[in-house]
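Protein chains in written order, with the working numbering: chain A, 1 to 545; chain B, 1 to 336; chain C, 1 to 297.
There may be inaccurate statements among the hints.
[Stated by the list, open to error] Within a straight-line C-alpha distance of at most 20 Å, the following computed SDA-like cross-link-like pairs (lysine to any residue) qualify:
#, chain 1, residue 1, chain 2, residue 2
1, A, Lys392, C, Leu62
2, A, Lys253, C, Gly71
3, A, Lys258, B, Asp185
4, A, Lys238, B, Leu175
5, A, Lys238, B, Ile305
[Claimed, not checked] Per the computed footprint, the stretches of chain A lying under chain B, defined by three or more beta-carbons under 8 Å from a beta-carbon of chain B, are:
#, region
6, 219 to 231
7, 234 to 246
[As the list claims (entries may be wrong)] Pair ranges (Cβ atoms, derived):
#, chain 1, residue 1, chain 2, residue 2, range
8, C, Ile195, B, Glu80, 54 to 62 Å
9, B, Arg223, C, Leu38, 25 to 33 Å
10, C, Phe206, B, Ser154, 41 to 49 Å
11, C, Asp76, A, Trp476, 52 to 60 Å
12, C, Ile195, B, Ile133, 43 to 51 Å
Bear in mind the hints are in silico, worked out from the structure with no lab data behind them. Quick reminder that beta carbons are idealized off the backbone N, C-alpha and C, glycines included.
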Amino acid sequence: MKFSRRSVLGSILSIALIGSGVALADTPSQKQSDTLVYLHAIEPASLFQWWTQATYPKRQILDSLVYLDEKSKLHPWLAKSWSQRGTVWTFKLRDDVVFTDGTKLDAATVAKNFDFWKKLSTSVADSFFKEAKVVDQFTVEFHTSHPQPYLADMLSSALYGINSGPSLDRDLKELGEKPIGSGPFYLKEWKHGEEIVFERNDKYNWGPEGTHGGPAYLKTVLWKFVPDGNTRWLALEKGEADIVYDPPSVKWKEAQAKYLTSQQFAPGRNVTLSFNVEAGPFTDKRVRQAFGYASNRKKIVDSVFRGAVPFEGNGAFSQSTQEYIDLNNQYAYNPDKAIALLKEAGYVSVNTDGYRVNKDGKVLEVVLPLYPNLTNADGLIAAQALQAEVKKVGFKLNIPLLTKTELAAGRYTKADEYDLYQGYWTLYAPTVLSINFRPPGKNTSTATIYGRQQINKFASDDGEPNVHNRVRSHDWKLQEAIIAAHAETTLAGRKGKFAALQKRISDDALALGFYASAYNVVEQKYVSGLLHNNDAPWFYEVKKN
Amino acid sequence: MLPMITSSSVTDHGRGKIGKRSLAILSKLGQALITLWLTLSLLFLAQVILPGDRATIYLNVYEGQSVERTPEELAPINKEFGFDRPVLVQYGAYLAGVVKGDLGIALQSRRPVSELIAEQIGATAKLTLVSLIFAWILTLAWVIATGGRSTLVSRFGAAVEAMVAGMPQYWLGLLLLLYFSVRLDWFPVVSGSSLRGIWLPALTLALPLAGFLGQAIRAEYERALQHPHVLSSRARGTADFKVRVVHALRPALIPGVTLSGWAFGSLVSGAVIVENVFSRPGIGALLVNAVELKEFELLSGIILIVSLVYVVLTFVTDWLYTIIDPRVRLNYKAES
Amino acid sequence: MATPLLDGHSGLVLGATQKPSSWRLLREARRLPLLVWLSAAVIFFTAWASIAPGTLARHSPLETDLLNTLGPLSADHWLGTDEIGRDLYSRLVFGARESFLIGILAMIIAIVLAVPLGFLASLPPPFARAAVDRIIEILLSFPTLLVALLFVTILGQSPFNVAVAVGIGAAPGYARLVRGQSLLVRSSAYVEAAIALGHTRARVLFQHIIPNSIRPLIPVTGLGIGKAIVWSSSLSYLGLGVKPPSSEWGALLAAGKVQLLEAPSLIVIPGTAVVLVALSFSTLFSYIQARSEGAKT
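Bound conformation, chain A alone:
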């Protein structure tokens, strides 16, 4: 077959043309030294959802009153100093802070932010926030409903970042699209489904104590959303990203060897299994404890997460929360003990499928709904392993995987619809107990309120619901003990009381720890200056070398 010279030339030319497009495209990330490419996993729908995933991006653009360093020490930031007396906290603010919309920071702005937070989530009131009062132009008081020694700690989170005053007057939808703060970056553009673009705030001059204080080193941050862990990992390997979040567990050891890694444990409650104590088989403490002994959680976590995320036995606190105690050995794997407890509770015989039945013939069947936003891929696998483990002692564990619609519609949140809840709560304070265990008032609904925050309807107090009380505890004495622990004036006193609370929750098996709410970050070796601020990475001091 003879080819004409012209056609050969033509094909070479066209291939060359297409090929040049090949050369154009991807310059490795490192070359652009003033732009950072960060790959995150989950994209929130709005930045004002009361959710860790909405908090992460906000850290770059909103400053907090105080800064929590990696040694868990507080430093002045927007507030120059602060003090507490009983239920009144006083904050003195800097006078030179300007938001990116030109307005100035003053006490009135902070008070306005306080009122705004209270409207967003019942958990704010459950953290004992009551009201804010302006004392003078740069002094503001926060009043708490009960003594709250951890207020400043909590305020260090971007969850309580300070927005500009006028920006809070906007429609909640707009606010969620583009919060306006005083941070080292401002949100330039949010391409839903792809990325958020942050640009440097050149006027920035109020970095927290201990940092360089002036404007950020980076000019642009491309905060990309890449839900698939393998894709994030590959992008890092190919040099297409500078920093990635949550690599696949199976790559963690390799990451530690080849790159810079950091593992942070979010404070608050780690990933725990909360039992529904109001209805269903878990109203009986023995059944709960049996589940604990049978679940073999440590082995599951070790096998599934391969060291990337450690086992955490404490069902109340994560290891980075103040006053945490180690309860990893309680409910260690003991199937015989589990069976004995189940028999005691009346589930004596085993049916042909291998599940236990009580004397009425009712199968020991429990439901653990799984939410795709709260559990990553490894978490879902861990739940399947859990299902297999507890089957060995006769539990029938159903793990329906909810679609996003079902999650939004509040499926599986009624008392008779779920028996177990798997989730975490990020808060730098033991007050997380109040959020998770305060009994509701007349309104006992625990439907999720994520959808609500996208429209101009704020968390309502009709009947004092507590959607975060997944245990469905009605134990007011527990809540009183939590309040009393906060009221202890000495650190030793508080430590003692919180230790007692954690033991109480564990002994009663209200909630069992499963795995730590770790967030793992991998950076290229040429990146320096990454800061972690209790629940988010912060790029203020990052430099690419």
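Chains B and C: place on chain A using the hints.
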């Protein structure tokens, strides 16, 4: 200067020719519009049969509460969206809205559907176009190379086409990704919207399509190779390549062109999966999201846009016929 | 997928000149091409796995082994294990039933919808034919996946709904075939003769048109089962079909996606299974189709 004498002006009378031409175009347009209207109606019907009271679903997803709704709560929603109007009136409003370009609002993101689609459609369009070109190049190369030769080669060629045509895009895509991206590092993994990143996804889409096109073209091609005028040009000593490409190919293209309209539909389907495999932005991610969130407006909007392009393409391929096959052109003139 | 009207050749053209009797079929079976044998074997194996998975599998599909996660191919685990030690081979075997059933159900629904639809679409009389033809062709060529996605949205995500959605999505394509056949048969000499003989329209319809229009569908149906399995697994791959911890092949794909880099076999093997089964259906039924067409001429 003598006026140009073309065959058309000889066979037809001047004014009559223009009239008949535009009549043909008008009738094609009419067909297109009717098709779109039917698609719209079917979509509206699907919306109506969606189980559950529409206002309740809307409120529940919006507020994140799964509760019984009182009539007082539902009334403003019904009023705002017109759910309480008679079905025919809603239908009319729906049609009117579409004509104006209003495809509704996506619930979760609260943005107009047309805006969401406009953002993502470029990437998918690019991918689809490049894939179509690849598919044609592959098909032509393969058919020319293996068509009409010894039975072994020919049958082999056909067998490969059949095998490739049935491959699921996710499988093909994953294999290509694993080998060429991960192992050989020839292509990026997070391809995004870059040019270099389009090769593998386009290839994934192009291969099965090339299989289908090949099957369609092959029979015609092999038949054409036996045509008298082809045999005679061989006898005159024309190079084999020229014979294969210039003489035999033209008539064989017709079934391929017929399929190109349908091919577009299959490419869009495939793009949904391929965009997922290669993490590319586009309609695919939008669609999957819409299904997960039961965003009916978004889904309908996408299907509508796809239909629109599909209908347009079908009529473009009609026109392409007239260029490729002169017999068709003359026939077309005769009947119009 | 809306199948274009093709010759259905896949390199296995035969020149049978008589309608094969069952004895002849048996004798000719020995002369079948190797590919057809292999296809039949694959389908047989899959069917066996669907009916009696316990006899083929070595472990329970849900049996975890936390000490042997992401294990390689071994004597005990022929295709390795997943992240919590479940045997992939056993999962594949147990999942065959669901995949198979979904494919069959989807095809049944597709055919049940396609036949009346196709006939209805062939009704318009000749003078309106040209215009209506075009419209119908376009409507019936709508991409299967998009229609399936639409119905998954309406019905919800479950194995049954996936089958229904894929069936509805594939129906238009088959309706086109039925329509084409019906038009052909109606203008055939056979039918003209019957009418000339004075048979009533009803008799012609039921004795000649319908059976002859449907007969070519039979091999196509077999082809279609393979395609239906591919479509439903694609839906599951996107996360919109069958969910874990089901062992259905599509669900295995979705689950295997997570370990793409570390253990690609977890997704490649189920994918290959789907492809093999689809190819087998395609090869076997193309062969049957070619034979039956050869028989008709």
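Each hint tested on the structure:
| no. | hint | verdict |
| --- | --- | --- |
| 1 | Lys392(A) / Leu62(C) | 12 Å, holds |
| 2 | Lys253(A) / Gly71(C) | 18 Å, holds |
| 3 | Lys258(A) / Asp185(B) | 18 Å, holds |
| 4 | Lys238(A) / Leu175(B) | 19 Å, holds |
| 5 | Lys238(A) / Ile305(B) | 36 Å, violated |
| 6 | 219 to 231 | holds (count 3) |
| 7 | 234 to 246 | holds (count 5) |
| 8 | Ile195(C) / Glu80(B): 54 to 62 Å | 59 Å, holds |
| 9 | Arg223(B) / Leu38(C): 25 to 33 Å | 31 Å, holds |
| 10 | Phe206(C) / Ser154(B): 41 to 49 Å | 42 Å, holds |
| 11 | Asp76(C) / Trp476(A): 52 to 60 Å | 55 Å, holds |
| 12 | Ile195(C) / Ile133(B): 43 to 51 Å | 50 Å, holds |
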